[in-house]
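Build the complex from these two chains, which are given one at a time in their own frames, with help from the hints.
Listed below, chain by chain, are the residues.
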Amino acid sequence: GNSVTQMEGPVTLSEEAFLTINCTYTATGYPSLFWYVQYPGEGLQLLLKATKADDKGSNKGFEATYRKETTSFHLEKGSVQVSDSAVYFCALNAGGTSYGKLTFGQGTILTVHP
Amino acid sequence: KAGVTQTPRYLIKTRGQQVTLSCSPISGHRSVSWYQQTPGQGLQFLFEYFSETQRNKGNFPGRFSGRQFSNSRSEMNVSTLELGDSALYLCASSLSLSTNYGYTFGSGTRLTVV
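Chains as they are written, first to last, in this note's numbering: chain A, -4 to 109; chain B, 18 to 131.
Chain B extracted, bound-state conformation (with noise of 0.2 Å):
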């Protein structure tokens, strides 16, 4: 079956810019979550959403937002681009809330800010 799809795979932005990323959860799972991947950081959460509801939301400023469509496809938007937000963008996806289940990730997109 096919697995967690993110579309663009890479982008290049200008800072003051906005962008949307775009996230296919494996079809049947209703939650997806956002992380940002830097090299200084590491993997940190960004929010989470379940059946359109954002349940849980990271530490990071209100230029990241996100949203969750009826068929669980999802969107994070990150307006006035900085440089500090270039990084991998990745999205899980899982079958429901447990935390019994694993969550499968995306190939990730990659932002660069310029």
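Bound conformation, chain A alone (with noise of 0.2 Å):
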């Protein structure tokens, strides 16, 4: 079946440093990915995409490349904040029969200290 597999946690860092997140996964055919980042008490929010191999999709710093040789898509910022203190999911769409369900990591739990 599909699956997704995140790097260990917790990460903490200081602020301005780099921030690496792994992620690879195990799909048949070709998956669209996705990173979502989660705040304290609130629902999943969509942060980047990718829906084809060597896609890089990015937002507010945040970049990631869909590397199919490899089944990865590692989650990268040069300079993180305090701000960027949250939970982190790789996620992955396998379409076909599976429209509709995301297939989630275990989550990464960041800290960002000043």
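One thing to keep in mind: the hints can contain errors.
[Said to hold, decoys possible] Residues from chain B that face chain A, not an exhaustive set, calculated with beta carbons under 10 Å:
| # | residue |
| --- | --- |
| 1 | A19 |
| 2 | V21 |
| 3 | Q54 |
| 4 | Q61 |
| 5 | N73 |
| 6 | F77 |
| 7 | F86 |
| 8 | L105 |
| 9 | G123 |
| 10 | G125 |
[What the hints assert, rightly or not] Sample of chain B residues with no beta-carbon within 12 Å of chain A, all distances over it, derived:
| # | residue |
| --- | --- |
| 11 | Q35 |
| 12 | G75 |
| 13 | S124 |
| 14 | R127 |
[Said to hold, decoys possible] Each pair of labels, with its calculated beta carbon distance range:
| # | chain 1 | residue 1 | chain 2 | residue 2 | range |
| --- | --- | --- | --- | --- | --- |
| 15 | B | L28 | A | Q101 | 43 to 51 Å |
| 16 | A | T7 | B | Q34 | 39 to 47 Å |
| 17 | A | P109 | B | N73 | 38 to 46 Å |
| 18 | B | S96 | A | E10 | 43 to 51 Å |
| 19 | B | Q34 | A | G36 | 41 to 49 Å |
| 20 | B | T22 | A | A12 | 20 to 28 Å |
| 21 | A | E10 | B | R84 | 27 to 35 Å |
| 22 | A | N(-3) | B | S39 | 40 to 48 Å |
| 23 | B | V131 | A | E64 | 44 to 52 Å |
| 24 | A | T65 | B | T37 | 40 to 48 Å |
Since the hints were derived computationally from the structure, they do not count as laboratory data.
Ideal Cβ placement from N, Cα and C applies to all residues, glycine included.
Next up, the structure:
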């Protein structure tokens, strides 16, 4: 079946540090890939997406590139801020009979200190 | 424009009772999905509706059911509540079945079963 694996957390960084959160996936076909962010007490917000191999999704300084050869979609940001502290989820939508179903990773807690 | 609206935000129920949660998608969105979020199991897919038809269902017992109305609003029902049903229930909507579209999530309904 389809699955998403995220790097073990939590991740603690100082402000302005470089961020990488690893994400790898297993899926049949050509899934679309997403990163969602969840702030305390809230639902999930779409951060960025990529729908085909070599696509780069970007938003608010965050980037991720769809690497089919390594089945990865790692999230990066060059300089994190305290306000980036949240839980980050990598997800895929495999399409086909899985329309409407997102498969999520376990989430990575990010804490950024001033 | 208005986002995905879930009601109520918080709910406390007793074991054995039943509960109905409501989700109003973004205007024009016809696909509605439901997810259960718990600390132990993470985000798990419950079911997805498109144009009033359930197109996908996750691995949950029959106590979990849902429906979608002609205006795309959706409800999910859990009968004979168990303590393990305590979770954040998230609804998401999307414009179509295409995997290219992201899903917009509501803030969720926090269900506590006592």
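Structure-based check of all given hints:
no.	hint	result
1	A19	14 Å, violated
2	V21	8 Å, holds
3	Q54	9 Å, holds
4	Q61	8 Å, holds
5	N73	5 Å, holds
6	F77	13 Å, violated
7	F86	17 Å, violated
8	L105	8 Å, holds
9	G123	5 Å, holds
10	G125	5 Å, holds
11	Q35	24 Å, holds
12	G75	7 Å, violated
13	S124	5 Å, violated
14	R127	9 Å, violated
15	B:L28 - A:Q101: 43 to 51 Å	26 Å, violated
16	A:T7 - B:Q34: 39 to 47 Å	41 Å, holds
17	A:P109 - B:N73: 38 to 46 Å	44 Å, holds
18	B:S96 - A:E10: 43 to 51 Å	48 Å, holds
19	B:Q34 - A:G36: 41 to 49 Å	25 Å, violated
20	B:T22 - A:A12: 20 to 28 Å	37 Å, violated
21	A:E10 - B:R84: 27 to 35 Å	47 Å, violated
22	A:N(-3) - B:S39: 40 to 48 Å	29 Å, violated
23	B:V131 - A:E64: 44 to 52 Å	50 Å, holds
24	A:T65 - B:T37: 40 to 48 Å	44 Å, holds
Taken one by one, the earlier hints fail for this structure at numbers 1, 6, 7, 12, 13, 14, 15, 19, 20, 21, 22, listed in ascending order.
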